[in-house]
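Colleague: With the hints as constraints, model all of the structure from the sequences given.
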Amino acid sequence: MNLQKRIEELNPISSLYNQDFLLTWKKSGSDLRLVMEIASILKEMRHQNISPRVFDSGLAVSIFRDNSTRTRFSYASAANMLGLTVQDMDETKSQIAHGETVRETANMISFLSDFIGIRDDMYLGEGHKYMEEVSKALDEGFEKEVLPQRPGLINLQCDMDHPTQSMADALHLREHFGSFEELRGKKIVMSWAYSPSYGKPLSVPQGIIALMSRFGMHVELCHPEGYNLIPEIIDVAKNNSRNTDGTFKISHSMEDAMKDADIVYPKSWAPFHIMEQRTELLKKSDKQGLADLEQSCLAENAKFKNWEYDAKKMKLTKNGKALYMHCLPADISGVSCKEGEVSADVFEKFRLQTYIEAGYKPYIIAAMMFAYKFEHPALALKEILGLKMNRVGM
Amino acid sequence: MNLQKRIEELNPISSLYNQDFLLTWKKSGSDLRLVMEIASILKEMRHQNISPRVFDSGLAVSIFRDNSTRTRFSYASAANMLGLTVQDMDETKSQIAHGETVRETANMISFLSDFIGIRDDMYLGEGHKYMEEVSKALDEGFEKEVLPQRPGLINLQCDMDHPTQSMADALHLREHFGSFEELRGKKIVMSWAYSPSYGKPLSVPQGIIALMSRFGMHVELCHPEGYNLIPEIIDVAKNNSRNTDGTFKISHSMEDAMKDADIVYPKSWAPFHIMEQRTELLKKSDKQGLADLEQSCLAENAKFKNWEYDAKKMKLTKNGKALYMHCLPADISGVSCKEGEVSADVFEKFRLQTYIEAGYKPYIIAAMMFAYKFEHPALALKEILGLKMNRVGM
Amino acid sequence: MNLQKRIEELNPISSLYNQDFLLTWKKSGSDLRLVMEIASILKEMRHQNISPRVFDSGLAVSIFRDNSTRTRFSYASAANMLGLTVQDMDETKSQIAHGETVRETANMISFLSDFIGIRDDMYLGEGHKYMEEVSKALDEGFEKEVLPQRPGLINLQCDMDHPTQSMADALHLREHFGSFEELRGKKIVMSWAYSPSYGKPLSVPQGIIALMSRFGMHVELCHPEGYNLIPEIIDVAKNNSRNTDGTFKISHSMEDAMKDADIVYPKSWAPFHIMEQRTELLKKSDKQGLADLEQSCLAENAKFKNWEYDAKKMKLTKNGKALYMHCLPADISGVSCKEGEVSADVFEKFRLQTYIEAGYKPYIIAAMMFAYKFEHPALALKEILGLKMNRVGM
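Chains as they are written, first to last, in my numbering: chain A, 184 to 577; chain B, 184 to 577; chain C, 184 to 577.
Derived by calculation from the structure, the hints in this document are not laboratory data.
There may be inaccurate statements among the hints.
Identical chains blur together in the list; that is why a pair holds if it fits in one copy or across any two.
[What the hints assert, rightly or not] Below 30 Å or equal to it, Euclidean Cα-Cα: the simulated DSBU-like pairs (lysine-lysine) are:
id, residue 1, residue 2
1, K565, K319
2, K565, K498
3, K442, K383
4, K383, K466
5, K432, K188
6, K521, K467
7, K521, K470
8, K432, K504
9, K532, K327
10, K327, K504
11, K319, K521
12, K467, K327
13, K521, K532
14, K488, K421
15, K466, K521
Modeller: Here's what the structure looks like:
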């Protein structure tokens, strides 16, 4: 289908205008699909050398409270594509700031900013809370005419959700299987997997079960006992499944879960209760406590080294060839670590697929920005298509 | 008054073309007003979604020899608004470089640069000297055809002045009181205030007394004995006052000073003689000496904890409601520190006003750039208005 | 000659399209001249306020595995001139990554990137190898449709070559002597010089002898016994000289070499065998071994303090006034160090010339980008000239 037709068929109704993008489960299904379709259209425009540069100038602030390469590049690419310049806001990395500091800083960095992208995924109970504080500060700043415009907030990963990742993943599934309708009835397994590292955030598995449960799939969350996710998000996934005639199930055997799976997402994360303890210890700056916790957590992890996604487990999946997904970088046994989340041979089979999966993220972020800024995204896209500005070449 | 009329009424004579902006007292009163009016016009253009992008490309170099969030964002915003890209020049932060290194580096970073913004406020006797060295190196580079254009130098805070701050503050006063004429006869108190920190630069109080003394106000500088500013700048303020039929006074009681004040600016700074000792110790890399100096300075400071601007002191001001100003972040008692420059209730009353005050800085910097680059800024602004390029939207 | 004529006379045949720029000796002589002429044209356009902005958006990634100021600014300037935004890729500085990590990261940073500039000059046998790995990963990514375009790779200095430096130097010679034809028969001496520092890379002398041997010059490489360069590159220089009716010679007395030289390039570097040992020790993270090596290397260096280019040696050159070249910063005796590569009086004579020499680098990089992206660079330049977009001003 050509671009013009796709733009004409876009949902003309959007509730995304001037609304921060923090959690997928606070957005309607049609809005999520709108973002993904805009992303896909922007990707096609790029291929056709059409520039969607809707900003003549403007800043996109980034606040990374944790290291990041791919999300940083995705955000930079999205901003650049639309004509914005990224300005990093450097904070002492592990700082948990609240109150007046947040309120003031949010305004100080926003006078000429159109977006603020935040990554704050280290401390359970903190990341989303921080984003809400920033959001409120921006509301106040705009209402009281401190700010000439209300910058949009984009969650680049918090303790609860990782919407730019999960939506890139969902768009990958749509492209891979042909349509969202094709996903109906498919089985997707979000599985814990072994990793020799500690303290990996819960936001990816949480984001995946909360989003994939909206397409009528059979979603199975699988992990060793004790590696629970935030209960509230489990409820979100259950409700979503009910509302879309899908199913949601929690299980504790990787082998059993893999049976007949169409899609598998094996990835490590830290147990919920460990992350809770960790946040408390961090608040108290208890270094000894943190070191002890790390040791006991690694020892606990080591009991589950057999939670590796390998050729044997892959054979159990639908026709032995379920689509493997990962947010990258994966812990690949014998490559990036001795024993890890996935065997080298299985990863190599799907390596390029995971690269393609990652490639949707810049467009998802750009689409979020686009839908925030334009009340009628379809009209704005139509204008872009009409002008056909070259991205490269005069 | 609409934009067109404001542009037509701009002073057509400017001496700012191709002149660095280092110290407000080296500029004429009409040039300072021109910069502030251009800033105000650029701000209004932003509100009307008109892009003043006069550079198709070009770099704005930033050299921050001290940490900074708001000045960094202001500079980035100003550059971006006009079409320039910021390129940071990272130096070892505390390095005091002179001579060949400065001369060479100034040229190496300037081949395709339009501006260099420098913040170097840590060492008394150093910051301004460094900027003058850079300025001379740029002159030579341009004359000898090393550089295709002479990049403009903008002082983002030195040991003597902080012109982007003081001019944002002055523009805030103009907008708050209606006009520069309204400032005539008003009383402004630049007062020292207690802070539990050490070594705060003198450039803000110096910049404030040097600039505010140019509008016919009654300027009072108030501080405990020994917290002197650079004598040469006291003279500047005295002369300015004389020339504009205002007054300038130095006093040593916060309570007395606050009486009938229209505007108050309570802010901590380190005593002049301490800063001088500090520079000497830094040059010798005398760590023990510096640690000892810090202790004695903090002990000295602690004698003046009652220099807090609170509701009681505020009551003494004109009708009990003088405009409170601060360059932010303020040391707020019970919020950002135990005992500080201002009580929490008074700060909260003026919190949004201080945000608005800060919001002028990006436009002041952009106006400095604009006036440096265009011999006839009014004509250039007229062209921008004529073209009415959208900042957002195609 | 005016711009239009120069563009018309450009070689219409280019083999640079979609080809990484890693080593000058893998490029044809006519392609090298094409890059330099494009650089010179872009420089003239800048002087005439014509913007060659051929990208409406796009990223230019930079990976600096070693500190850099001038190359960083040159790359940023080149990208900016053409409309691209630099995005830094921060790695732990001394990390030698290979394999899966390189392959994956190369793709992750390239989804919307047009160029990747890499500086990796610290370890003999590593830098170029790393760039080739990145290059292959980009090839795969593009072929397998992970990447919508194949980003071009630009060598910003590796262990073997420093093409953006050597080509800026060659362009400087062309402009200084009038034409490449004028270089024929001239004597250029690439000489080792004393420096109190250790571990300086070999890529500049290697790049210089490999490139300058292509213009029919008499190239003499001069250094104390043991300060050899990579043998393979010596062969390159020998072959080049043979093919262009020039000569190539290695000698070991600075005084003798300087006799009748037209151009001299006195610069320090570490001996080849030391750099090899260093790489081995670094791979083993042998800190004590590295410290010992540094000591013995500095002691070895100290034997050759008389290898300083001074007025006496300058007198030996053709008419006592050979053109002095340096990639900067130079170790200037009595200025940047006690005893160094060049005496203060001689350096001062040529100081501005070395600045001018450095000023070609941004244009060389931009020309490399230009020739990578446009199959017919002459046509693209013609279009730019036709449009005459102002760089500054509406």
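Colleague: Each hint should be assessed against the structure and marked as holding or not.
Modeller: How the hints compare with the structure:
1. When the C-alpha separation of K565 and K319 is checked against a cutoff of 30 Å, the pair qualifies neither within a copy, at 33 Å, nor between copies, at 38 Å.
2. When the C-alpha separation of K565 and K498 is checked against a cutoff of 30 Å, the pair qualifies neither within a copy, at 46 Å, nor between copies, at 59 Å.
3. Within a single copy, K442 and K383 get their C-alpha atoms as close as 26 Å, which meets the 30 Å cut-off; across copies the closest is 59 Å, which misses it.
4. In this assembly of identical chains, K383 and K466 lie within 30 Å of each other by CA distance both inside one copy and across copies; the values are 18 Å within and 29 Å between.
5. For a Cα distance limit of 30 Å, the shortest separation of K432 from K188 qualifies neither inside one copy, at 39 Å, nor across copies, at 68 Å.
6. For a Cα distance limit of 30 Å, the shortest separation of K521 from K467 across copies, 19 Å, qualifies, whereas the shortest one inside one copy, 34 Å, does not.
7. Taking identical chains as interchangeable, the C-alpha atoms of K521 and K470 lie at most 30 Å apart whether they share a chain (28 Å) or sit on different chains (26 Å).
8. With identical chains, the CA atoms of K432 and K504 are at most 30 Å apart within one copy only, with a shortest distance of 22 Å there and 63 Å across copies.
9. When the C-alpha separation of K532 and K327 is checked against a cutoff of 30 Å, the pair qualifies only between copies, where the shortest distance is 13 Å, while the shortest distance within a copy is 55 Å.
10. For the identical chains of this complex, K327 and K504 are inter-copy neighbours only, at 20 Å across copies versus 57 Å inside a copy, given an alpha-carbon limit of 30 Å.
11. For a Cα distance limit of 30 Å, the shortest separation of K319 from K521 across copies, 26 Å, qualifies, whereas the shortest one inside one copy, 46 Å, does not.
12. Proximity of K467 and K327 under a CA criterion of 30 Å is satisfied in neither setting, with 36 Å inside one chain copy and 49 Å between copies.
13. In this assembly of identical chains, the alpha carbons of K521 and K532 lie at most 30 Å apart only when taken from the same copy (19 Å versus 60 Å across copies).
14. When the C-alpha separation of K488 and K421 is checked against a cutoff of 30 Å, the pair qualifies only within one copy, where the shortest distance is 29 Å, while the shortest distance between copies is 58 Å.
15. In this homomeric assembly, K466 and K521 come within 30 Å of each other (Cα to Cα) only across copies, at 20 Å, whereas the closest approach inside a single copy is 33 Å.
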